[in-house]
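For the record, the sequence lines run as chains A and V. Using numbering that gives the first Met the number 0, read the first sequence as starting at 0 and increasing by one per residue. Using numbering that gives the first Met the number 0, read the second sequence as starting at 0 and increasing by one per residue.
I should point out that these hints are in silico values taken from the structure, not numbers from a laboratory. Any given hint could turn out to be false.
[Stated by the list, open to error] A few chain A positions that, by computed beta-carbon distances, are all more than 12 Å from chain V:
1. S22
2. S40
3. R136
[As the list claims (entries may be wrong)] Result set (BS3-like, lysine-lysine): computed pairs, CA atoms no more than 30 Å apart in a straight line:
4. K160/A / K156/V
5. K325/V / K430/V
6. K107/V / K156/V
7. K107/V / K175/A
8. K175/A / K156/V
9. K160/A / K107/V
10. K160/A / K49/A
Here a beta-carbon is modelled for each residue, glycine too, at the ideal position from N, C-alpha and C.
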Amino acid sequence: MNSLDVPLKWEISRIAADLYMSSGRSVTFAQVAEATGRQVSEIRALFPNKAAMLGYRYAGIPAVFELHMAALDEYPDFTIGEKVSQFLYSTFDYLNESRDFTDATFAEWDLAPFRNGTARLLARMVEQDSRIPFVNRFFLRDLTYEAAAWQVVCAVRHWLKDTSEGTSDTLAWIEKSTAFAQEMVYSGILDKGLDLGRYAVSTMRRETP
Amino acid sequence: MSDVPSTPLERGVRIATTGMSIGARYAADHLSRVVTGRRDEQGRADLHRRNAERAFSEFAKLRGTALKLAQTLSLDNALLPEEVAEVMSRAQYKVPPISRALVRAILKRELGADPETVFARFEPDAVAAASIGQVHRAWLHDGTAVAVKVQYPNVRKTIESDMAIAKVFMNRLMDRKKADDYASEVTDRLLEETDYHSEGRNLRMFRARFHGDRFTTPDYLPDYSTGTVLTMTWLDGLHLDSFLAANPSQAEKDHVGQLFWDFFHQQIDFGFTVYADAHPGNFLITPDGRLGILDFGCIKTSPPDFFNAYIRLFDVHMAGEPSGLKQVYLALGMMDGSESPEDQAFFEFCQAFGNLFLSPYREDVFDFGRPGFSEDVARYAREATRFTEPRGSRHFIYVTRLHVGLYRILMQLGARVRTPGSREILAAYLKTIDAA
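All chains should be modelled from the sequences, with the hints used to inform the complete structure.
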């Protein structure tokens, strides 16, 4: 996918989602083309079908986030916890852009593309973070990212139901859980444990006649 | 990155475990003294310092009410061991900030766009973090430098739960009605501090009165502010500790001390309203020698009867006439009129403390660095604790806080202050009360 297409696809999917909600949960390529001032063929070139067009409200989130963060000077310095919480807060903002659509469809939509994109994004966050000890990286495998992506979906569900002022309960929950995850990921305990183990083994070998 | 404990259970457990851990250390120290018979004063001082550091670190994590109480303790450090007061005074400046992602999320929610869109430039790292919020530096698109104060999430909720915990302790120390009265005064002020619209209005009111050749305040920018985000123009300057660290001359210290003294007295005729948060972190000495006043969350407006009686204290103490003094104490609820031995002892104590406290007004130039003065104030403050039953109106809490805070700053500066101007202000105000 060309990253230049991301803003265009995002905007088209927003308009499609609005039309979907205002037209009794149905929308056609022709309606979207008319509303966006583009040709149906242009829209079809971006989305193979209507489900993909509407589903981009979820599947497109990781790509839109990366595009936004590329413009934020301080983002590369963020800790892993800050990056993950930033992703969650941004996800809420993006979902709020089509809040009616989100409320109506989040529970029933096939979120696999969103989860897969999120897992890949989280993997990239880990790869790019030099503060994570080498041994910890060894344990951070695909399964971990997939499990974390499921947690992101749970966080969105929590946020959708949150009636606290300014959804402050969700914000507090995210701060705590990402701070905890960060402590785990940055922890040097495995690194030190491995070092101790290597030393113990080599000492025992020397002492064994 | 730091999160804010927000549930009553979480905060209660943290307070309780801190208390238990500190109590255990004191108990171990006591046991060791009994067993060994040694009196290691240096060891005791180190223990005070370690315990204060532990308590401060926990208060800083809790922020909100707990940290405010730490700040209040640091204002009243005459009551605390020196090592504890030194650690607690850090509460005036340094608290772990919340994460940069959370700051961005709050700003987007409150101002409707990302900080880099709302502002031409936004510093993601906080320049100061305090009990209720943290401050970031930013620049508007027209180049104006601003301070953006971002409130921590859930602060209002934590105030109510923290005060409920505090009331449990207060009820053990004093009459329940009195405890309720004092607790509701503190709760009201703290909740008011969380309303940044209200702080913006206070800022405007004080700026209209004080901004000029000698004092300055930031300018409130309502277009960039909400109930939990406050944007104001940036003030450059030095906090008191940095000012003193630069070894200023006596003349410079006197100049700054005079500004503090005059700022305090010029509030006497200000609609019964005073700036009630006189801790050093709220003031700056600007490069052009003005006193910059920063934080306008804690402003106390007293009922006129209380305020006038408080000012009347000055007059009756200066006159030294016991019957007039008793009348004012009765009006302020400090005496119950029972003529009991306790009431009489309290009266005599207040008379002596009041005379010491008002001694600066008896001289045209008073030296707050005078040997013995701060020790005498500290001795009386300690002695006050023998009157276990708190007395006086709830309105005393914040008005006294300003007065005590002013003296602490002046003693810290060791400033020599000219007092005739303030006496004239007081005399003129008393005349208006008499005329009314």
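Hint by hint, here is what the structure shows:
1. No Cβ of chain V approaches the Cβ of S22/A within 12 Å, the least distance being about 28 Å, so the stated non-interface status holds.
2. At roughly 34 Å, the least C-beta separation between S40/A and chain V is larger than 12 Å, which holds for a residue marked as non-interface.
3. No beta-carbon of chain V comes within 12 Å of the beta-carbon of R136/A; the shortest separation is about 21 Å.
4. The hinted pair formed by K160/A and K156/V meets the criterion: a straight-line CA distance of about 19 Å does not exceed 30 Å.
5. Restraint check for K325/V and K430/V: the C-alpha separation of about 20 Å stays at or below 30 Å, so the hint holds.
6. Between K107/V and K156/V the CA atoms are separated by roughly 21 Å; this keeps the pair inside 30 Å, and the hint holds.
7. Restraint check for K107/V and K175/A: satisfied, since their Cα atoms lie roughly 20 Å apart, inside the 30 Å limit.
8. Between the alpha carbons of K175/A and K156/V the distance comes to roughly 17 Å, so the proposed pair stays at or under 30 Å and holds.
9. Annotation: proposed proximity of K160/A to K107/V holds, straight-line Cα distance about 20 Å (limit 30 Å).
10. A distance of roughly 28 Å separates the Cα atoms of K160/A and K49/A; the hinted pair therefore holds under the 30 Å criterion.
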